Structure formats: structure tokens, C-alpha cells
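Input sequences plus hints: build the corresponding full structure.
Residue 2 is where the sequence shown starts when you use our numbering, and the numbers rise one by one after that.
Where hints are given, some of them may not hold.
[To be verified] In the PhoX-like style, the derived pairs of lysine-lysine whose C-alpha atoms are separated by at most 25 Å in a straight line are: (1) Lys86 / Lys247; (2) Lys114 / Lys85; (3) Lys191 / Lys105; (4) Lys60 / Lys105; (5) Lys49 / Lys191.
[Said to hold, decoys possible] Label-pair ranges, simulated between beta-carbon atoms: (6) Gly30 / Lys289: 36 to 42 Å; (7) Ser35 / Lys251: 38 to 44 Å; (8) Arg145 / Ser211: 45 to 51 Å; (9) Trp194 / Glu78: 29 to 35 Å; (10) Arg201 / Gly171: 37 to 43 Å; (11) Thr296 / Lys49: 33 to 39 Å; (12) Ser13 / Glu223: 22 to 28 Å; (13) Glu18 / Lys49: 41 to 47 Å; (14) Ile265 / Lys49: 35 to 41 Å; (15) Ala272 / Leu116: 28 to 34 Å; (16) Gly9 / Ile311: 52 to 58 Å; (17) Lys100 / Asn61: 19 to 25 Å.
Since the hints were made in silico from the structure, they are not lab data.
Please read all numbers here as calculations on a predicted model, not as lab measurements.
Each residue gets a CB set at the ideal place from its N, CA and C atoms; glycine is no exception.
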Amino acid sequence: MIGYLFLGFAGSVAGIELASRIYHRIHFGIPFHSKVIGEYPYSSFLEKTDPPLYWVLKKNFHHPLININRFRCRGPEPAPDGEKKRLLLIGESTFFGVKLLKEKYLWSIRLQKILEREGRHEWEIINAGNPTYNSFQHRILWERELRNIRPDILLIEIGGNDITQAWMMGSKWKPGTPWPWEFVMALERKSPWWNKILGRFCAYYLIRRSATERKGFPRLDEEYKLKECVSSIEENFKIIVEDAIKMGTKVAIINLPYAIDPDIDDKDARALDTIQSNWRKIWEERGKYDIFMITLFSEILPKRLNLPLIDVYSPIHG
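Here you go:
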């Protein structure tokens, strides 16, 4: 009797899950993927330091999800100085690889494997992506530590932390203002064990999505010092670029592949719904600024800094 009840229960669960996945495929236009993400121990690999950096990645930190090398960069330990040519990338969340469940999927590790497969063993990739830094903090870290890497090639992702900080902090924002420490520590989310199990089921995802609302970033007030913010971004990266070129480094800008663009079609909009349910609200609030960011980082600043652009955005968005 108990065996039949168990089989009946298991069959019901399987049927509900199958129906949920069919609904997900029809409604969102893409198959369901597990919502389990990498939960990083930020309080363990970020350590406080004096202003203006406020915090740095901890050297020689090792964890199943994340490794920090001697240069305070994410990824494996580089070769001894002088043994290999180096490509260094300075960027933000996208290139740091936030929420990756396995570090082997990190772009820098995958690119390293591609180079090795092509026989380019003389090169190594160093990933200086940092999800918490603005352009001023990147500049200070470059001056104090990253320039000592002496990269042969430097790629710069002019990300959105400055823009987002200025938008959120309003009248309180000024160049170099960091995220509050409490805000950074809030990135360290620890879900219960049962949530990690249920997060692999489509039915649970649909129920949770309909029952909870994802909140956007709260704003302090309506003031937005955009012009001052853009000037600060340009000044900070100009200092990095000029210093790197003096060292003989080749420098280029790599732009950011945004998930949303002004011409998003219905197919992509439905797919985006399953990734970030509140994207429409965010787009209504600050979409015009995101459009400006795309133009700023892909067209305006590369010309002002007289640098080539590695365009990641256009091939993805057509």
C-alpha cells in the first residue's frame, strides 16, 4: 500500500514538473534552466583597507567557488614574472563572473584554454574584474598594484558602477564614492539547503516567481549628477590608459553586452522575463540612461581616449 502511495506521489510530482516545463517553454520561449547559482563568501575574500579603496580582494584566497591569486585577481595563479606575455582585463561584475556556479566557466579560464588549444602557450589571461569597484577605485588599484603586472595588452571594460552609484545616491554622490560596506556584504546571500534542491525544479520556480516581487535599486532622491559622473569616468580611465601606454602596453576598450536594448523584440523580452522578472520596471525607470551608457561606452569614450574598441555588444544584439 505504501509503495503504491509513493509511486502515486512520485508520478504526480513528475507530472506537475513536466507540465511546468512545457508551460515554461511555451510562455517564455526557452527551456527551463536550474536557478541554483554560486553563492560567494564575500565577507571572506573581501578585506577592508584604508580609503580611497576601502576594500580589496584578498590575496591567495582559495574556495571551491572562487580563487584569488597574488595579484588580487580572480583565477588561477599566474606564471612567475617575465615567463609569459600577459593580457590583463579591468572590469566589473560581468567579467568578474558573479554567481557562476563553477569557476571553470569563467571567461578568462575558458579563453586561456582556447589559447593553449591553439598552441599559444606564451600568453596568460589575468582577470581584474571587480564587481564592487567604480572607476576611481580601479584607477587607485592600478596605480598601487595592477601596473606591477606589466601587461602586454590591457583591456578596459568601462562598466556601469559609477553611473548606477550616481543614479542611486543622488545629491549625496561625488566622484570616488564607494558602495556602502553593508551594500557590498548584502551580495553574500546564503539560501537554505532545501532552496538549493527546489531551485532545480521548474514548478517551484514558477510558484516562487508569482508569489514574490523582485525589488529594484532604491534611490536617495531625484538628483542625478550624470555630467559630473561621466567626466569622472573619463578622467580616471584616461590616467590608467596614459600610464599603460607609457609602459609599452597595448590598450583597448571592450564594451559590455547588455541584456536589454531599445529594440528588444517579443522573443527576447519573454526570455528575459525568466532571467529577471522586474526588468520592465527597471527599464521604465532608467532605460534612457542605459541607452546613453551603451553609446557612451561603445562610441564616445573610445574616440575621446583614442583607443580601439572590441565590440562585444553588436554581434550579440545584431
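We went through each hint and held it up to the structure:
Straight-line distance between C-alpha atoms of Lys86 and Lys247 comes to about 17 Å, which keeps the hinted pair within the 25 Å bound. Between Lys114 and Lys85, the direct Cα distance comes to roughly 15 Å. Compliance with the 25 Å bound is thereby established for this hinted pair. Straight-line distance between C-alpha atoms of Lys191 and Lys105 comes to about 22 Å, which keeps the hinted pair within the 25 Å bound. For the given pair, Lys60 sits about 20 Å from Lys105 by alpha-carbon distance, which is consistent with the 25 Å threshold.
The straight-line distance between the Cα atoms of Lys49 and Lys191 is roughly 21 Å, inside the 25 Å bound, and the hint therefore holds. For Gly30 paired with Lys289, a C-beta distance near 27 Å fails the hint of 36 to 42 Å. Taking 38 to 44 Å as the suggested C-beta distance range, the pair Ser35 and Lys251 conforms, at roughly 40 Å. For the pair Arg145 and Ser211, the supplied restraint of 45 to 51 Å holds, since their beta-carbon distance comes to about 48 Å.
Roughly 32 Å separates the CB atoms of Trp194 and Glu78, a value that falls within the hinted 29 to 35 Å. Arg201 and Gly171 have their C-beta atoms about 40 Å apart, which keeps the hinted 37 to 43 Å range intact. For the pair Thr296 and Lys49, the beta carbons lie near 36 Å from each other, so the given range of 33 to 39 Å is met. Judged by the Cβ atoms, the range 22 to 28 Å given for Ser13 and Glu223 is violated: they are separated by roughly 52 Å.
About 45 Å separates the C-beta atoms of Glu18 and Lys49, a value consistent with the hinted range of 41 to 47 Å. Take Ile265 and Lys49: their Cβ atoms lie about 40 Å apart, and the range 35 to 41 Å holds. Evaluation of the 28 to 34 Å hint for Ala272 and Leu116 yields a pass: the beta carbon distance comes to about 31 Å. Taking 52 to 58 Å as the suggested C-beta distance range, the pair Gly9 and Ile311 conforms, at roughly 57 Å.
Checked against the given bound of 19 to 25 Å, the beta carbons of Lys100 and Asn61, roughly 23 Å apart, stay inside it.
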